[in-house]
Structure formats: structure tokens, C-alpha cells
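K.L.:
Residue numbers (the UniProt record's numbering), protein chains in the order written: chain V, 1 to 207; chain E, 1 to 207.
Think of the hints as simulated: they come from the structure by calculation, not from any bench. Beta carbons: idealized from backbone N, C-alpha and C, even for Gly. Treat the hints with caution; some may be incorrect.
[Said to hold, decoys possible] A short, non-exhaustive set of chain E residues, derived as facing chain V with CB atoms under 10 angstroms:
#1 Ala4
#2 Ala56
#3 Phe67
#4 Gly71
#5 Ala100
#6 Ser132
#7 Val136
[Said to hold, decoys possible] Here chain V is said to cover these stretches of chain E; the calculated rule only asks that three of the stretch's residues, wherever they fall, bring their Cβ under 8 angstroms from a Cβ of chain V:
#8 75-87
#9 92-99
#10 149-157
[Unchecked claim] Under 7 angstroms between C-beta atoms, here's a sample of chain V residues computed to sit facing chain E:
#11 Ala61
#12 Val86
#13 Ala99
#14 Ala153
#15 Pro196
Given next are the chains, with one letter for each unit.
2 protein chains.
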Amino acid sequence: MTQATQVCASIDIPAGEGRAVHVDAGQRVKIIDVEGRQVGDVFAFARGDVREYHSASHTRAHVNRLFPAVGEQFVTSLRRPILTLVEDSSPGRHDMLIAACDAARYAALAAPSDHASCAQNMHDALAAIGLSADLVPQPINVFMDIPVSNDGALTWETATSRPGDSITFRAEMDCVLVVSACPQDLVDINAGAPSPLRLQIENGATA
Amino acid sequence: MTQATQVCASIDIPAGEGRAVHVDAGQRVKIIDVEGRQVGDVFAFARGDVREYHSASHTRAHVNRLFPAVGEQFVTSLRRPILTLVEDSSPGRHDMLIAACDAARYAALAAPSDHASCAQNMHDALAAIGLSADLVPQPINVFMDIPVSNDGALTWETATSRPGDSITFRAEMDCVLVVSACPQDLVDINAGAPSPLRLQIENGATA
Chain V
1 MTQATQVCAS IDIPAGEGRA VHVDAGQRVK IIDVEGRQVG DVFAFARGDV REYHSASHTR
61 AHVNRLFPAV GEQFVTSLRR PILTLVEDSS PGRHDMLIAA CDAARYAALA APSDHASCAQ
121 NMHDALAAIG LSADLVPQPI NVFMDIPVSN DGALTWETAT SRPGDSITFR AEMDCVLVVS
181 ACPQDLVDIN AGAPSPLRLQ IENGATA
Chain E
1 MTQATQVCAS IDIPAGEGRA VHVDAGQRVK IIDVEGRQVG DVFAFARGDV REYHSASHTR
61 AHVNRLFPAV GEQFVTSLRR PILTLVEDSS PGRHDMLIAA CDAARYAALA APSDHASCAQ
121 NMHDALAAIG LSADLVPQPI NVFMDIPVSN DGALTWETAT SRPGDSITFR AEMDCVLVVS
181 ACPQDLVDIN AGAPSPLRLQ IENGATA
């Protein structure tokens with residue numbers, strides 16, 4: 001039996017904003033960089049209890065890589081698989097080392113106190129679907145390019161993703177996914193000009 | 001004025017156990033690998049509110065390095081300096097990528113269900129001084145040797161620290177420090193045989 005992938009929902013995320021979606025186990029979420037060079041901060045929570053969340057430090061121990069590749073899993077704070085990276089049409093540069101931008105980050109950059117942040121976007125997006133989390137987990141920063149040199153030094157580069165590039169995750173459990181179109185306009189990761197992302201929720205293909 | 005460093009307290013941490021200590025801003029904490037080749041999981045919490053804790057992902061963004069070096073700071077989930085690495089007599093291999101071992105880790109390794117873990121040690125050590133935390137932050141894993149290859153692959157090596165080697169942190173705020181002498185005996189990071197650590201709390205030197 002062959003069942004084509006079917007798009008169930010498409011959600012536009014305006015530049016600098018965030019959205020939360022319910023995703024069922026087996027469904028796929030495609031994150032599209034509409035205009036290119038835009039970072040997305042991705043958070044994943046267990047559907048029934050947001051105190052269980054995707055944990056970068058547990059995922060690194062699970063896959064033994066700094067940055068997961070296509071086919072590899074992401075696990076929660078209880079070491080349960082929550083997402084798998086199944087497709088990537090971008091140049092494949094994604095970060096899993098850096099915290100979400102937040103009020104303290106923008107204060108240090110001398111931004112106005114009401115500057116949007118991925119941390120606040122996460123809280124707002126969860127609140128919009130009636131949820132709240134006590135912490136801001138370290139996100140998967142899709143399209144964010146943080147090269148690591150041989151001596152362990154990190155540099156912050158502008159995203160290399162092109163208009164229409166996408167990365168697709170499959171949910172391994174019923175979960176809540178939050179994606180923030182990073183509002184960072186004071187360092188160059190988004191080429192200085194945040195732009196929108198688009199989410200597509202797809203029913204999984206069966207070959 | 002020169003004031004010599006003065007040891008205020010010395011705390012033995014038996015193999016596989018954890019201890020929590022109050023540390024005042026300006027004091028130094030020396031972690032000694034008594035017998036060598038022993039990993040210590042280090043957690044730091046703000047004294048007044050353990051919901052603020054040392055955050056590896058914020059520290060990486062602060063120092064732009066995978067693994068902080070002598071002289072560099074560690075910051076909290078609110079991006080405030082909490083520790084500085086001031087001395088290191090070991091070969092200098094310390095990890096800040098890997099989650100604390102926990103019940104799920106040992107279940108996957110087919111260990112008995114009552115196997116000690118750094119995560120449980122953290123909870124028990126905090127409880128012993130009347131505190132509790134809702135999460136287990138990603139620790140600083142002193143003496144833990146996790147080389148990163150050019151393609152981002154991680155390997156788990158036996159600690160290279162020698163008997164008596166130490167690493168010393170200065171507290172940048174009043175904090176609670178938890179150190180667990182990692183009980184891992186099923187992979188080789190502790191040479192298969194967990195051993196003790198010792199903490200020394202020192203009043204800082206003034207030159």
C-alpha cells in the first residue's frame with residue numbers, strides 16, 4: 001500500500017512570533033523557511049505533561065552527535081523518543097547548543113525592554129492553547145549556523161537556508177510543538193531582518 | 001594586602017554519592033579527584049531561589065565555547081554569572097554536553113532498578129539541606145572526557161584525571177553547589193570503578 005503524504009494543516013508564523021501546535025504520534029511537521037536565512041527555535045513537549053520535554057543534553061547522549069542528522073532521534077528529559085528528523089532540503093546547518101533568546105539577552109544588547117524573544121514567544125504560544133511551562137528548554141534551532149572549531153570555539157553565522165528550504169520531523173509520541181520565528185535583529189543570524197516561517201502538519205506516508 | 005587562601009570546610013563525597021553545600025559569593029570550591037579517573041557532576045543553584053540554576057546552553061552562548069577554560073564564567077538560566085573556573089590542575093578535560101545519568105539511563109543499560117544516579121544524587125543532596133528542584137539541569141561534568149570529532153561525533157572516554165587532581169570554581173553569587181561522584185560503572189568513563197571526590201570550601205585569596 002502506498003499512501004501519499006497529506007497536508008492536514010498549514011500555519012503561518014509571522015516574523016518574530018511563535019505558534020504552538022498539537023501533533024499526533026506518526027504525523028510529520030515540516031518547517032519551511034519562507035524567505036530564507038531565518039532561524040526557527042523548536043520546542044517539543046509531551047502532550048499529557050509538559051514537564052516532560054525535548055532535552056538537548058539527553059539527545060546528545062542518545063545520538064552521540066552535537067547536531068542530529070536525518071534519521072536520528074530526539075529524546076525527552078525522560079529519554080523517550082519524541083521526534084525524528086526525517087527530511088531536510090536545506091544546507092543542513094542546524095544548532096543544538098545555544099539557549100533561546102530571552103529578555104536578559106536583549107537587555108545585554110541594549111534593546112528596548114519590550115523586544116520580542118523566542119523564550120517569551122514559547123510562553124505566549126503555549127498560553128494560546130491553554131498550557132504553561134515552568135522553564136524554557138534548550139531549543140532545536142533549525143537553520144541556525146553555529147560552526148564549532150577544532151578548539152571548541154563557537155561562531156555565530158547568518159543562516160544559509162534558501163527561500164522555501166524546509167526541515168521535517170516525525171512525532172514519535174503525541175506532543176505539543178512550539179516554533180518561534182526568531183526575532184533576533186541585533187546580531188546577524190537572521191541576516192538582520194527576521195522573516196516568517198510556515199508549518200505544515202502532514203499525515204505520515206506509508207510505503 | 002595579601003591574604004592566603006584558607007580552607008573553611010572539607011567534605012568527603014563517597015563513591016557514587018552526592019553532597020550539597022552553601023557557597024558564599026567570593027568563596028572558592030575545589031573539587032578533588034582523590035583516586036583519579038572519576039567524573040563529578042556539578043550543579044549550581046541561586047541560593048535564594050533554586051528555580052535559577054546554572055544553564056549550560058546559556059553559558060555556551062555567553063563564552064562561545066563548548067567547554068569553558070580557566071578564567072571563563074558560567075551563567076544561570078537568567079544569564080547571571082554564578083561561577084568562574086579559576087584553577088585546574090587536571091589535564092583539563094571536562095564535559096558540558098551530556099545529561100546527568102538517571103534511572104532511565106540505567107534501565108537502558110539493564111542495571112538493577114535501584115542503581116544510584118547523578119540525577120537522584122542531586123535530588124537527595126538538595127533534600128538533605130531542605131531544598132528541592134523540579135528539574136535536573138544539565139551538569140558541568142568535571143574530569144569527564146567527551147572528545148568531539150570534526151564531523152560533530154562524540155565519544156565517551158575514561159577520565160584522564162590523576163589522583164589528587166583538582167578543579168576550582170569561584171562563586172560569583174551566593175549559591176548552592178551540588179557535586180555527585182558519578183556512580184556510572186557500566187560504561188568506562190570512571191574506569192569501571194567509581195571512586196570518591198573531596199570538596200574544599202576556601203575563602204578567596206586577595207592579592
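K.L.:
Give a verdict on every hint.
P.N.:
Now the hints, each set against the structure:
The closest approach between the C-beta of E/Ala4 and any C-beta of chain V is roughly 34 angstroms, which is over the 10 angstroms cut-off, so the hint fails. At a threshold of 10 angstroms, the smallest CB-CB gap from E/Ala56 to chain V is about 7 angstroms, leaving the interface hint in force. Because the closest C-beta pair between E/Phe67 and chain V is about 5 angstroms apart, less than 10 angstroms, the hint holds. A hinted interface residue such as E/Gly71 counts as satisfied when its beta carbon comes closer than 10 angstroms to some beta carbon of chain V; here the least separation is about 15 angstroms, so the hint is violated.
A least Cβ separation of about 8 angstroms between E/Ala100 and chain V falls short of the 10 angstroms threshold, and the interface hint therefore holds. At a threshold of 10 angstroms, the smallest CB-CB gap from E/Ser132 to chain V is about 13 angstroms, leaving the interface hint violated. At about 8 angstroms, the closest approach between the beta carbon of E/Val136 and any beta carbon in chain V falls short of 10 angstroms, and the interface hint on this residue holds. Counting residues of the segment 75-87 of chain E whose CB falls under 8 angstroms from any CB of chain V gives 4; the rule of at least 3 is met.
Counting residues of the segment 92-99 of chain E whose beta carbon lies closer than 8 angstroms to any beta carbon of chain V gives 3, which meets the minimum of three for the stated coverage. Residues of the segment 149-157 of chain E with a Cβ under 8 angstroms from some Cβ of chain V number 6, which satisfies the need for three, so the listed coverage holds. Among the interface hints, the one on V/Ala61 holds; its C-beta lies about 5 angstroms from the nearest C-beta in chain E, closer than the 7 angstroms criterion. With 7 angstroms as the threshold, the beta carbon of V/Val86 stays out of range of chain E, its nearest partner Cβ sitting at about 19 angstroms, so the hint is violated.
Checking V/Ala99 against chain E: minimum C-beta separation of about 4 angstroms stays under 7 angstroms; hint holds. Proximity of V/Ala153 to chain E holds as hinted, the smallest CB-CB distance being about 6 angstroms (cut-off 7 angstroms). At a threshold of 7 angstroms, the smallest CB-CB gap from V/Pro196 to chain E is about 24 angstroms, leaving the interface hint violated.
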